[in-house]
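Asker: Chains X and U, in that order, are what the protein sequence lines are. Per the working numbering, the first sequence starts with residue 48, numbered consecutively. Per the working numbering, the second sequence starts with residue 795, numbered consecutively.
Honestly, the hints are just simulated from the structure, not real lab data. Remember, it's a predicted structure, so these values are computed and weren't measured experimentally. A couple of the hints might just be wrong.
Here are the simulated lysine to any residue pairs, SDA-like style, with alpha carbons at most 25 Å apart [stated by the list, open to error]: (1) Lys56/X with Leu161/X; (2) Lys836/U with Asn100/X; (3) Lys836/U with Pro86/X; (4) Lys836/U with Ser120/X.
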Amino acid sequence: DGGITQSPKYLFRKEGQNVTLSCEQNLNHDAMYWYRQDPGQGLRLIYYSQIVNDFQKGDIAEGYSVSREKKESFPLTVTSAQKNPTAFYLCASSIQGGTYNEQFFGPGTRLTVL
Amino acid sequence: QKEVEQDPGPLSVPEGAIVSLNCTYSNSAFQYFMWYRQYSRKGPELLMYTYSSGNKEDGRFTAQVDKSSKYISLFIRDSQPSDSATYLCAPRGYSGGGADGLTFGKGTHLIIQP
């Protein structure tokens, strides 16, 4: 089955720790994205990548870092500099050049800072 | 003024009712309009998309765009309990064929009462 997988489903972090969220896709999509969702806030764009070894900051990139070494993978690191990291994190992918930029989403990772 | 405004609800209606979900936006460059549906604790999925002003129907769902008033609507006829979800609007402009992040509304939480 083609799709996007995210792991882990739930993640607990102590304050001051960095954690990395995994995102893998087998849809052969060039573009990948990370969003954060907070209650009552909708989805906000953290980072996106249109091609391997290249990525751009989104609206709320501070305290986060990403890498794109492989087409299939786009891991997100939540660093200790992120002041309020507790949220639901969603990874998505899309083709390049599509009119509507339909994005396919993974099931999400719920991060809780203890 | 935020780029995309959407009433978070919750909106609770009885089964079989016609539901109207709405968004307003401020960026006149938006040309493509998408609605995503998100079930609780899941990733969003694309429900419908339209281009420019006008209506588009797909089964029980109708998407309507009025660019002159920057107003987007999604109508659900004969609503079912399975329609209970959060509905997010996502308008976008032309990106020259590239893939960039979407701007989402906060989402409206819809509850269909059996």
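Asker: None of the hints should be skipped; say for each whether it holds.
Answerer: Right, here's what the structure says about each hint:
Restraint check: the Cα-Cα separation between Lys56/X and Leu161/X comes to about 16 Å, which is no more than 25 Å; the hinted pair holds. For the hint linking Lys836/U to Asn100/X, the alpha-carbon distance of about 29 Å lies beyond 25 Å, and the restraint is violated. Restraint check for Lys836/U and Pro86/X: satisfied, since their Cα atoms lie roughly 14 Å apart, inside the 25 Å limit. For the hint pairing Lys836/U with Ser120/X, the CA-to-CA distance comes to about 20 Å; that is within 25 Å, so the pair holds.
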